[in-house]
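Chains as they are written, first to last, in the numbering used here: chain A, 1 to 409; chain B, 1 to 409.
These are computed hints drawn from the structure, not numbers from a lab.
Here are the simulated DSSO-like pairs of lysine-lysine, each with C-alpha atoms no more than 30 Å apart in a straight line:
1) A:388 with B:302
2) A:302 with B:388
3) B:372 with B:302
4) A:372 with A:11
5) B:262 with B:11
6) A:302 with A:262
7) A:372 with A:388
8) A:302 with B:302
9) A:11 with A:262
Protein chains: 2
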Amino acid sequence: MSTAVSPLAPKSIPALPPIAGVRMATAEAGIRYAGRTDVLLAVFEPGTAVAGVFTRSRCPSAPVEWCRERLAGGSIRALVVNSGNANAFTGATGRQATKLTAELAARSLGCSESEIFLASTGVIGEPLDASKFGPVMDRLAADGEEGAWEAAARAIMTTDTFPKLATRTARIGDATVTINGIAKGAGMIAPDMATMLSFIATDAAIAPTALQAVLSDAVERSFNCVTIDGDTSTSDTLLAFATGKAVNEIENASDPALDGFKAAFEDLLIELAQLVARDGEGARKFVTVEVEGAESDLSARKIALSIANSPLVKTAIAGEDANWGRVVMAVGKAGEPADRDLLTIRFGDVRVAHLGARDPDYDEAVASAYMKNEEITVAVELGLGTGKARVWTCDLTEGYIAINADYRS
Amino acid sequence: MSTAVSPLAPKSIPALPPIAGVRMATAEAGIRYAGRTDVLLAVFEPGTAVAGVFTRSRCPSAPVEWCRERLAGGSIRALVVNSGNANAFTGATGRQATKLTAELAARSLGCSESEIFLASTGVIGEPLDASKFGPVMDRLAADGEEGAWEAAARAIMTTDTFPKLATRTARIGDATVTINGIAKGAGMIAPDMATMLSFIATDAAIAPTALQAVLSDAVERSFNCVTIDGDTSTSDTLLAFATGKAVNEIENASDPALDGFKAAFEDLLIELAQLVARDGEGARKFVTVEVEGAESDLSARKIALSIANSPLVKTAIAGEDANWGRVVMAVGKAGEPADRDLLTIRFGDVRVAHLGARDPDYDEAVASAYMKNEEITVAVELGLGTGKARVWTCDLTEGYIAINADYRS
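Let's have the full structure, built from the sequences with the hints guiding it.
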């Protein structure tokens, strides 16, 4: 595991306020790591609503399947997250491990297994010894604190170089509600792929179906707009919890009273998604790709992701090369409607290509100076319609190769 | 440009026999490089059939558009290829450059522009000064030789580290025909992306529509099964020529007399496609990905390409790590039908995962020993149907980053 903090990390870690109805505790269960916490128990007061989105992988982890099966219930009493072992591609053993983990938590809390949610991140294909949670579960259940957000964010890290936390407030009617979120990102535990986990809690009172609608909508413009390398984990899990301690429940996602909440919720998800990109393996530059003028928003996002996932675009940015030819290539390969002779491309404010050819005023020195920035924006104007999208990624450096080509330890 | 020859290069360059009806010559037009040939003129006897397949990029180069427009004619008198400038994303200037190049060749040869085909590879977005072909064109037209295949393969190289040539013979009825091919691959000229060009000539007599059918079919199992980094050039061009000097013409691609020819043609394309992967930027290992048991051949190819394009799989292979977890990930992200609990994965003959979990007999030492080979096979059995596919790629190393993150010179 790398110990150097990403140069793109925020200058400070935000202190998150408590969320009424959520208590958290962490422990060292010794799943894989020594000398650090690797298990998180979050306990929610009865009546807490839950919503979730998961990896689209056809080969999901056992905890992803566990959560999917219990999401219809709409309520949650506890979340158990471990790092060090993803419990993915573990067959029947993996299903047994999820069941045992849920049993242990349910017993300690005196609730039903059906209200326990699970997430795991770490080594793939190795059996998860869930019995290791036994000796710590009672204490985790007893020790939970409302303000333990940073400890929670640290316990779920794998090769993340910094903990990822964000908070927002919003008005619902006369009440102020709080939204807290944590995430872990593109870390690597040999022999494993990156896993994105994120957990969002609010003291707002929102019915499960409404919370699911808010989450599913916001994720399209936040976590689904971030990419490190185009690879999709077996374990990606994003759960949202509404404890309902602050205000009266809102049943319907289209209730105008939720408008401010929705905006704050999406903004928080965007911040967390950007933090994931800022901690991409080997990242030295944070990259925003903006596409406008596409035939639809969906088309714009496909083109933006084609640019953001292109190894050639990402290596050019690592090399501080204003290589717009590769951006043209990535637009062309996306397979979406595009007219070469209408394309305009900018790096930051520098227009490098216009109407299908190099900008007549292109100045290599100006463009090269811009590329030395730590934050780079690549903007493409397609000139076809009103569809637009914005995605975030990082550059592709030797560091990515070094991290991912390491032998398993 | 790199000068070290890829460790995966073949031990020797094959000597190609002449193809009756094809004469080739090369020259130094000074497009970009100094001290090397950068233009190829191939002249075909009247009546030569032509077929072609091109990049699927929505932003194709000017020569690609030129060739597409002329392919319906079915006949070719000359092919002009230059390296050093791709004539891509060059707007109206680019179209003028293609027209001037064709005019110069047509004048020297006394034929129609409509029978001149063009290909360019190199810098993108810079105007191609086609007038530089003027001083050399008459000599190229006069000097053509039937056996100049290696010189031709060298003139079209960019950062290829070795010329790529292959030859086959086949029986058509009582006659023996020859098929020669050259290709250039994943080379890089800052600020450009890789371009794949390949040209295949035979003395067989095959009508243009039949030749096109043979080509389009064979390309699916050869060049469309090779990937370096998933990025698609603006300029990919594969043209096939049949001079008809050896035998009577075959009109129909389904004529059984063509069976042997088709097999030899596809085999030659596979060899060239593999040579391209062997010269992938920074490549140290040649990788074959085999997928069986998919619901269809198309589904199998999508899964195979998902594996072959995964940066995490490719870096693991670079690190000689038998990281089957990343193969599971790549299967899962392909979006094709797959059942995790039926998956079997092998590295070479080493079964590492079976029926959705680590193989009970898995031996890390045996798997690690296999991964030290220069040629690696990753085989996935999905257990769903009879669909299968095989694709070729290379590993992803620091060398790829170093080559592609270089500043433009």
